[in-house]
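Chemist: Let chain A serve as the given structure and place chain B on it in line with the hints.
Okay, here's what each chain looks like letter by letter:
There are 2 protein chains.
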Amino acid sequence: MRTAFYISDGTAITSEVFGHALLSLFPVDFKHQTISFIENIEKAEQAKQAINDVYKRTGEKPLVFHTFVNPEIRMIIDSCDGIIYNFLEHFVSPLEKHLGVEAKPKAHRTHSINQNSYEHRIDAVNYALANDDGSNVSNYAHADIILVGVSRSGKTPTSLYLALQYGIKAANYPFTDDDMDELKLPDFLKPHKKKIFGLTIDAERLMDIRVNRLANSKYASARQCRMELREVEKLYKKEKISYINSTRFSVEEISAKILSITGLQRHKY
Amino acid sequence: MRTAFYISDGTAITSEVFGHALLSLFPVDFKHQTISFIENIEKAEQAKQAINDVYKRTGEKPLVFHTFVNPEIRMIIDSCDGIIYNFLEHFVSPLEKHLGVEAKPKAHRTHSINQNSYEHRIDAVNYALANDDGSNVSNYAHADIILVGVSRSGKTPTSLYLALQYGIKAANYPFTDDDMDELKLPDFLKPHKKKIFGLTIDAERLMDIRVNRLANSKYASARQCRMELREVEKLYKKEKISYINSTRFSVEEISAKILSITGLQRHKY
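Protein chains in written order, with the numbering used here: chain A, 7 to 275; chain B, 7 to 275.
None of the hints are false.
In this list, chains with the same sequence are indistinguishable; a pair is considered to hold if it fits within one copy or across any two.
Pairs of lysine-lysine, BS3-like flavour, derived with a Cα cap of 30 angstroms:
#1 K49 <-> K112
#2 K49 <-> K201
#3 K244 <-> K196
#4 K190 <-> K240
#5 K49 <-> K240
#6 K110 <-> K37
#7 K49 <-> K244
#8 K243 <-> K224
#9 K274 <-> K263
#10 K62 <-> K103
#11 K67 <-> K263
#12 K67 <-> K103
#13 K110 <-> K67
Please keep in mind that the hints were generated in silico from the structure rather than gathered at the bench.
Chain A on its own, in the form it takes in the complex (with noise of 0.2 angstroms):
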């Protein structure tokens, strides 16, 4: 099998997306290998030697996705017996001559501390983590968005997601069993009305999830479940809560989707 490096002198998240969408184009597996925080000389020279290894006992030239600003670290990867996708390249002088601006690299650019959005994000997860599954519905005024759904449906993750990805504050909270005599809107969540996001799912997907959490119970029966999607749906259109239904759909996208609909603006790009 192919062996794919993403390499960097920091984090090699950028080189990693970077290879990993171009080699999702392809219908081929590969052996993934990360080497980050090549920020000298002789850390270069021992991702080249691992490099190198790969070639000799394979025999194919292992591709190499890098990001390198240095020069003398790039060069010494550029000699490596990998064949160099070097994202950079292509872009940085038309970019230049398009923006009349010389490019200023420096390491660290893009997934370090430094950036203003940070302190968002840290204090977003403590947000969403404090306000996780309806643990404290006086804290609402705070929220940017409030996920609602039944138990399972996707909210805690996606919670965390927008947290951590975009500094959004988060919270979020369960109808469950007990509110589906008469499910309504509870009155803490009325005030806040325009941040309530609500969140459905296949009644077989929400099955299967509870079985694994909770088999052979009422929570995990297809007439609870049913029910329990019938009723917040039923809800959701007749407060004219936005909703999607998370069933074939990642956190990423589910994340993705919610900041497209409701143009929620995130602290990071």
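Modeler: Chain B in isolation, oriented as in the chain A frame:
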């Protein structure tokens, strides 16, 4: 201010990472705008219009970062009044040549639920939440890693990031004031010593964070912060626990360093 558009038929995460990595090389401020889920001709026309409107309003051509593979949509976007940066175009043919395989582009390749890593990631998020802050010390056999450290040294956001991004099951356990008289590894951690990873932080930074949380408390005092940090660092050294100082690092950097130091295998690239 120049506007940068990040547009995609999916989440636009790849376009954002791509564009942001490039723009971060320039000492220039940009207005950022994402348009996600451009899945048909109609939405492509709307996106084109939005780009053209910015040009008309500002007189400056917006930068447009995209990764479209659908030729019809690409043609519409490429005909807009922005400056197009298509991050795939420079790399796909060379890769096809090197791999001897034709690219088979399809939408939603990189951030969808269809990756086999997805369940891992959601399981890991649930694990991180259930095992946050020492809440479940009987469950460490299932952990991939157990982060330890004083309160507010970065354990929780790092655990969540490891889970969400990499599908790594990260528990975390806090050393508190009660432990400090004679700090040692608790008995329930001893069988899992190989999985333990320590965080520490500069006392001044810790004080700042704790004062924000609980001003004028013993918890946030200089003396208490220094004492706790001295004790945990002594413990890490005595027990030969790997650790890093989180002060100047983002959760992305802390996580990447942990992966690099421990060699932990992630479930997602």
